[in-house]
Amino acid sequence: MFLLSSFLSSEDMTILQDSFLPLLKGVLSYTIPLTLISFAIGLILAITTALFRISGIKVLSGIARVYVSIIRGTPLLVQLFIVFYGLGNLGVEALKFEPFVGAIIAFSLNTGAYASETIRASILSIEKGQWEASSSIGMSYLQSLRRVILPQATRVSIPPLSNSFIGLVKETSLASTILVSEMFRKAQEIVATTYTPLLVYVEAGAIYWVICFLLSVLQGKIEKRMNRYVKT
Amino acid sequence: MINMNNISKQFGDLVVLKDISLQVEQGKVVVIIGPSGSGKTTLLRCLNVLEQPEEGSITIDQQTLKFSEKVSKKEIREFRRQTGMVFQTYNLFPHFTAVENVMEGPITVQKVAKAKAREKAVDILTKVGLHEKMEVYPYQLSGGQQQRVGIARAMAIDPKVMLFDEPTSALDPELVGEVLQVMKKLAAEGRTMVVVTHEMSFAKEVADEVLFMDNGMIVERGEPSVLFEHPKEERTKQFLKLIKQ
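From first to last, the protein sequence lines are chains H and X. Going letter by letter, the first sequence gives residues 1 to 232 in full-length UniProt numbering. Going letter by letter, the second sequence gives residues 1 to 245 in full-length UniProt numbering.
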């Protein structure tokens, strides 16, 4: 604060300070919940999709392929608009979502598709001998997955999944376009009254950076724990 | 105990096992030798149904699988529980400690209570000489120790037959002995064992019968003293001469 005040005017300092609480509120009530809920649902979708892909059952792997292809082949912004404005305009009551819900749907679908590829690759990276060993002691396919394959695949997938997670934190800013009052929308609202875009947007950017920095520290801790059973 | 009848197996166009029949009586140790590509490992894997033959049937104890008919996954799973498989590359579960590796079959498959499974795992690990290494992860063990955990894990499901797929081939020479010693101990206890190995001294000492395989067929079989000293078939003679060099 002291350092900042030496080259910012006192009005600028006041704006920075006044905008901090509203921005923080945007983070706590929208950015973080949006990220956590979407990532959780996205992960479930991703595991299911990955298992569909490797199931060897044509219909299931077909569904998975089409889903991943559509989501990866279209911009997230377009997906948000389709879910919120597009479906909302159909005149079907059940498809009119609150902005927050619409955002969760779009972000979950998006995360699910990208993360499914990560998880699929992690599962395939586990040696065939692990499947054989678990079968040889009598485990079923699902038991092998649950007890032997997925725990090991989780370790492999932590770095790329952390990437997706950190990416998602920042992507939630796109929800501002469908009226979710997350942090970036708050920033836009503040700028509309103060006319200090550089100041407030840099402040918002700094808050994103702090969140992502904390997350990468967390990632390091999780990786360390996961690596307890491998030679380092 | 084991009755294999007319087993045939092919991978694509490659015929790996040609109409193989084999009987193993309870408590006997059968050692399978032969050049690489002879089908000996595939034969062993068929007993554990890690490979599914196209033809023939296998009976272990009272249970029979007929491969000419459709065999369900559940049938295979139940059949498999009668055999304990020891792999060349150990295939231990790296994310479990030694004792957890041994407990896994009883807990997950046989639904044994954790405390009871642990007690049993401790007993088995003590038997293979690893009571001091129970709480360590596989990467912290030597190859010989890992393989002994592998044997313990296979034993934990109380199999009627123990199957060994070149259990010492991946080991440094100085570690082979400790694994063979455990296997000898099991043989002395009267366990039924089928062993694929290149350890001829083990075969001579422990086997009740030795099978020589080549080209997907059992070329010659007999007591070790007879087969090693007085082989009848030309191919057996050649192979034995090669490995003596």
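It is worth saying that the hints were derived from the structure and are not from the lab. Hints may be right or wrong, so weigh each one.
Claimed, not checked - DSS-like cross-link-like pairs, simulated, lysine-lysine; straight-line CA separation at most 30 angstroms:
(1) X:K114 to H:K58
(2) X:K241 to H:K128
(3) H:K170 to H:K221
(4) X:K74 to H:K58
(5) X:K184 to X:K160
(6) X:K133 to X:K120
(7) X:K127 to X:K114
(8) H:K231 to X:K127
(9) H:K58 to X:K133
(10) X:K133 to X:K185
(11) X:K204 to H:K128
(12) H:K128 to X:K160
(13) X:K74 to H:K128
(14) X:K18 to X:K185
(15) X:K28 to X:K237
(16) X:K70 to H:K231
(17) H:K221 to X:K70
(18) X:K73 to X:K133
(19) H:K224 to X:K185
(20) X:K73 to X:K116
(21) X:K237 to H:K128
(22) X:K114 to X:K185
(23) X:K204 to H:K231
(24) X:K241 to X:K204
(25) H:K128 to X:K111
(26) H:K128 to X:K127
(27) X:K73 to X:K127
(28) X:K28 to X:K74
(29) H:K96 to X:K28
(30) X:K237 to H:K231
(31) H:K224 to X:K18
(32) X:K160 to X:K237
(33) X:K70 to X:K160
(34) X:K74 to X:K160
(35) H:K128 to X:K133
(36) X:K120 to H:K58
(37) X:K114 to X:K133
(38) X:K116 to X:K133
(39) H:K128 to X:K232
(40) H:K128 to X:K73
Cross-check of the supplied hints:
1. Note on X:K114 and H:K58: the hinted pairing is violated, with a Cα-Cα distance of about 39 angstroms set against a maximum of 30 angstroms.
2. This hinted pair does not check out: X:K241 and H:K128 have alpha carbons roughly 35 angstroms apart, beyond 30 angstroms.
3. Proposed proximity of H:K170 and H:K221 is supported: the alpha carbons are some 21 angstroms apart, at most 30 angstroms.
4. For the suggested pair X:K74 and H:K58, the alpha carbons sit about 22 angstroms apart, so the restraint of at most 30 angstroms is met.
5. Taking the CA atoms of X:K184 and X:K160, the gap is near 17 angstroms; set against the 30 angstroms cutoff, the hint holds.
6. Distance hint between X:K133 and X:K120 is fulfilled; the C-alpha atoms sit about 15 angstroms from each other, no more than 30 angstroms.
7. Among the hinted pairs, X:K127 with X:K114 is consistent with the structure: their alpha-carbon atoms are about 20 angstroms apart, no more than 30 angstroms.
8. Taking the CA atoms of H:K231 and X:K127, the gap is about 27 angstroms. The hint holds against a cut of 30 angstroms.
9. Restraint check for H:K58 and X:K133: the C-alpha separation of about 46 angstroms exceeds 30 angstroms, so the hint is violated.
10. This hinted pair checks out: X:K133 and X:K185 have alpha carbons roughly 20 angstroms apart, not beyond 30 angstroms.
11. Between X:K204 and H:K128 the alpha-carbon distance is near 33 angstroms, which puts this suggested pair outside the 30 angstroms criterion.
12. The suggested pairing of H:K128 with X:K160 holds, with an alpha-carbon distance near 25 angstroms, which does not exceed 30 angstroms.
13. The hinted pair formed by X:K74 and H:K128 meets the criterion: a straight-line CA distance of about 21 angstroms does not exceed 30 angstroms.
14. Note on X:K18 and X:K185: the hinted pairing is violated, with a Cα-Cα distance of about 33 angstroms set against a maximum of 30 angstroms.
15. Simply put, X:K28 and X:K237 have alpha-carbon atoms about 25 angstroms apart, close enough for the 30 angstroms limit, and the pair holds.
16. Between X:K70 and H:K231, the direct Cα distance comes to roughly 44 angstroms. Violation of the 30 angstroms bound is thereby established for this hinted pair.
17. Under the criterion of a C-alpha separation no larger than 30 angstroms, the hint pairing H:K221 with X:K70 is inconsistent with the structure, at around 49 angstroms.
18. The hinted pair formed by X:K73 and X:K133 fails the criterion: a straight-line CA distance of about 35 angstroms is larger than 30 angstroms.
19. For the given pair, H:K224 sits about 40 angstroms from X:K185 by alpha-carbon distance, which is inconsistent with the 30 angstroms threshold.
20. About 28 angstroms separates the Cα atoms of X:K73 and X:K116, which keeps this hinted pair within 30 angstroms; it holds.
21. For the given pair, X:K237 sits about 36 angstroms from H:K128 by alpha-carbon distance, which is inconsistent with the 30 angstroms threshold.
22. With a C-alpha separation of about 27 angstroms, the suggested pair X:K114 and X:K185 falls inside the 30 angstroms cut-off, and the hint holds.
23. Taking the CA atoms of X:K204 and H:K231, the gap is about 38 angstroms. The hint is violated against a cut of 30 angstroms.
24. In summary, the hint linking X:K241 to X:K204 is supported, as the alpha carbons are separated by about 15 angstroms, within the 30 angstroms threshold.
25. Between H:K128 and X:K111 the CA atoms are separated by roughly 25 angstroms; this keeps the pair inside 30 angstroms, and the hint holds.
26. Of the pairs offered as hints, the one joining H:K128 and X:K127 holds, with about 29 angstroms between alpha carbons and a cut-off of 30 angstroms not exceeded.
27. Of the pairs offered as hints, the one joining X:K73 and X:K127 is violated, with about 33 angstroms between alpha carbons and a cut-off of 30 angstroms exceeded.
28. Distance restraint check for X:K28 and X:K74: the Cα-Cα separation of roughly 28 angstroms lies within the 30 angstroms cut-off, and the hinted pair is therefore satisfied.
29. Distance restraint check for H:K96 and X:K28: the Cα-Cα separation of roughly 72 angstroms exceeds the 30 angstroms cut-off, and the hinted pair is therefore not satisfied.
30. For the given pair, X:K237 sits about 45 angstroms from H:K231 by alpha-carbon distance, which is inconsistent with the 30 angstroms threshold.
31. With a C-alpha separation of about 51 angstroms, the suggested pairing of H:K224 with X:K18 is violated against the 30 angstroms cut-off.
32. In summary, the hint linking X:K160 to X:K237 is not supported, as the alpha carbons are separated by about 33 angstroms, beyond the 30 angstroms threshold.
33. Straight-line distance between C-alpha atoms of X:K70 and X:K160 comes to about 25 angstroms, which keeps the hinted pair within the 30 angstroms bound.
34. As the CA atoms of X:K74 and X:K160 are separated by approximately 19 angstroms, the hinted pair is consistent with the 30 angstroms bound.
35. With a C-alpha separation of about 26 angstroms, the suggested pairing of H:K128 with X:K133 holds against the 30 angstroms cut-off.
36. Restraint check for X:K120 and H:K58: the C-alpha separation of about 43 angstroms exceeds 30 angstroms, so the hint is violated.
37. Pair hint X:K114 plus X:K133 holds up; C-alpha atoms about 19 angstroms apart against a cutoff of 30 angstroms.
38. As the CA atoms of X:K116 and X:K133 are separated by approximately 19 angstroms, the hinted pair is consistent with the 30 angstroms bound.
39. Of the supplied pair hints, the one linking H:K128 and X:K232 is violated, its CA atoms being roughly 39 angstroms apart against a limit of 30 angstroms.
40. Restraint check for H:K128 and X:K73: the C-alpha separation of about 18 angstroms stays at or below 30 angstroms, so the hint holds.
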